[in-house]
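> Top to bottom, those sequences are chains R and Y.
Using the numbering used here, you'd call the opening residue of the first sequence number 1 and step up by one each time.
Using the numbering used here, you'd call the opening residue of the second sequence number 1 and step up by one each time.
Mixed in with the good hints, there may be bad ones.
With a Cα cut of at most 20 Å, we get these calculated SDA-like pairs of lysine to any residue [said to hold, decoys possible]:
1. Lys34/Y with Thr52/R
2. Lys344/Y with Lys386/Y
3. Lys49/R with Met489/Y
4. Lys6/R with Ser295/Y
5. Lys36/Y with Thr52/R
6. Lys38/Y with Lys49/R
Since the hints were made in silico from the structure, they are not lab data.
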Amino acid sequence: MNYFVKGNPDLCIGCRTCMIGCVVAHEGEKIFQMNPWEYVFNPKLDIVKTATITIPVQCKHCENPACMNVCPVGAIEMIDNTVVVLHDKCIGCKTCMIACPYGAIDMVVASDGKKQLDNSDRIVANKCDLCIGREEGPACIQVCPTAALKLVTEEDVAVSVSNKRTAAAISLSQVKGS
Amino acid sequence: MSMGVPEIEDAKLLFIFGYNGADAHPIVARRIVKAKQKGAKLIVTDPRITESARIADMHLQLKGGSNMALINAIGNVIIAEGLADKKFVEDHTSGYEEYKAIVEKYTPEYAEPICHVSPDLIREAARAYAKAETSMILYGMGVCQFAQAVDVVKGLASLALLTGNFGGPNMGIGPVRGQNNVQGACDMGALPNCYSGYQSVTDDAVREKFEKAWGVPLSNKVGIPLTHVPHRVLEEKDEAKKIHAYYIFGEDPAQSDPDLAEIRETLDKIDFVIMQDIFMNKTGLHADVILPSTSWGEHDGIYSCCDRGFQRIRKAIEPKGDVKTDWEIISLISTAMGYPMNYKNTQEIWDEMRSLTPSFYGATYEKIEALGSIQWPCRDESMEDKGTPYLHKGGKFAHPDGRGKFFASEWRPPCEVESSEYPYSLSTVREVGHYSVRTMTGNCRALANLEDEPGWIQMSPADCEKLNVKEGDLIRVYSRRGSLITRVMPTERVKAGATYMTYQWWIGACNELTTPYLDPISNTPESKYCAINLEKIDDQASAEQFVKDSYESIRTNMGIDTAKKGV
């Protein structure tokens, strides 16, 4: 099963530390010393605020990802329980962005410094990669001051489903005979 | 605060009034979230749906400027329904009868047309507050930045007296002070009426003590409050009473004070302005002399937290360039003016202050180091005296008779309310990424990536529809005092007719619009209420150009290098 980051709106205070943590995890701490126009600020999650909810929205790492299925060049793959955009292959066609029902993909200037043949910027699909390869796991979870974010794994889902089934069994037993 | 910040987590009920922790102090907001997780009931009074209001059990979404009426109504319900702590009132308070007489008419039905909160909700909140095992009040600038502010603070304290919520842990009343070490500035006597530890300048014994220690005669008169400076420059006819020189440090009145046009005129009319800060700011544009000083990571010292806790801060890096610490600059200026100051370090200054301040005397550097934080009063140097986590233990108050004084006042409307010409209200607020006047955070790249000039005006979707504007549009905002351009931020979290702006932006500087009306006791300006109008801008492209050009021009005037900027 693919993993994903789940936010708890009862804990989130909308401070956007996760967004900064995300950029630092991908671009490195060097951005604190660079001029703003010299690096790409591309958080892979976005805080959404409605009247009743505050929570970051990011990729759900779907099991049957619409983005991956529609990508005409095979630039989206599943690697280590994670749906990943391969920026080298991405042609910036935006099909994945349109296909994603969560709005979890946007288009940004490629931050690897690679350019097109005419030296103009390459624009690529940008989305959560669960900080793949980062030892401490997703940075957003690590930096959240209220511990509002959690990585959901197979084990968590199994426990959650099991607990719900137990609760369902108890509630069913209370209506036996009806 | 009468309590300590960590106690927030263990209160059984939090009554949050005009305080938006998530934006002002995320670290305190974390305590609020934890309290809720631990089962505390949350009542939030705020005209906006703040993050705390969103997770609250009850949200009293009052109309701005009606605080006093709502608090009186809550007091009214507690008395009318027999929920007061009669023993506490009898044993530890004074003035109950006078209090009761004033709140008598403030029934929830009387308050409703003023506050726009339903009588049922007022009653429900009053009952919950009075009945909880320990109730704690947290309030912020939504109380203090009104022309009726001190009355409201006393009104809130009276609710705590009425219900016996003083003198034990996890209760009481806490002003969650706006800025880092603002508590410390007050504790150290950076106020016109007191020396360190709130020792009055009009008390002869106190004055003589300081005269003896410092070897100079001192005035026995209360000085001029910050917010009276414009008047003392622009209106004062007597040259001897007029202000001729203004030494400003760690403050940017040309950004933070109300009615900026008046502030600029004031700064330009004063004969001599010294500005001492870590970066260039708007006030610096009007200064005759600029003294560059070190930032928080470049010097030692002690801060007071909002809960009276002294904490040591330590130099983390060596300062770069031609800068000095604030205390070195002050010592040098004092020496040059004929009063030599030869301190070697901050501990010497702290020890001198302690020796003159009985309520802080026990808070030595060593003890603060050992304990991490010491909350005053701390009177004895021995390790036995670990300070005072919460005040008024056993119901003993600071008044000479040891009793807590009830206080109520009639509600007064804000000084400038909506009219046909200016049909919207404006309140200044905070946003999490930018601190105070952006002197520090405006220079932080990642924060500029999240939010940048010209800033936003929060408006209800209904008002946006009425004006035919959408998110991100530039819009003109004007009041009787000034006008500016900012961006439209439609949000369901505000009510129709009310608008909100953060006050740190150089282009969308909302203090161009605010009123200079003050609370008569605290002299704090009414930043939370003034009347404005909004005007859709048809030519968005030229407005965008205007914003860009204005920003570049401010940066150029400040000498900030923009030549290399490629965008």
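> Run every hint past the structure and note whether it holds.
Status of each hint after checking the structure:
1. Lys34/Y with Thr52/R: holds (19 Å)
2. Lys344/Y with Lys386/Y: Not satisfied, since the Cα-Cα distance of roughly 27 Å exceeds 20 Å.
3. Lys49/R with Met489/Y: Cα-Cα ~12 Å, so holds.
4. Lys6/R with Ser295/Y: violated (38 Å)
5. Lys36/Y with Thr52/R: Roughly 16 Å between the alpha carbons, so the hint for Lys36/Y and Thr52/R holds.
6. Lys38/Y with Lys49/R: Given that 20 Å is the threshold and the Cα spacing comes to 24 Å, the pair is violated.
Comparing the model with each earlier hint shows violations of hints 2, 4 and 6; every other hint is respected.
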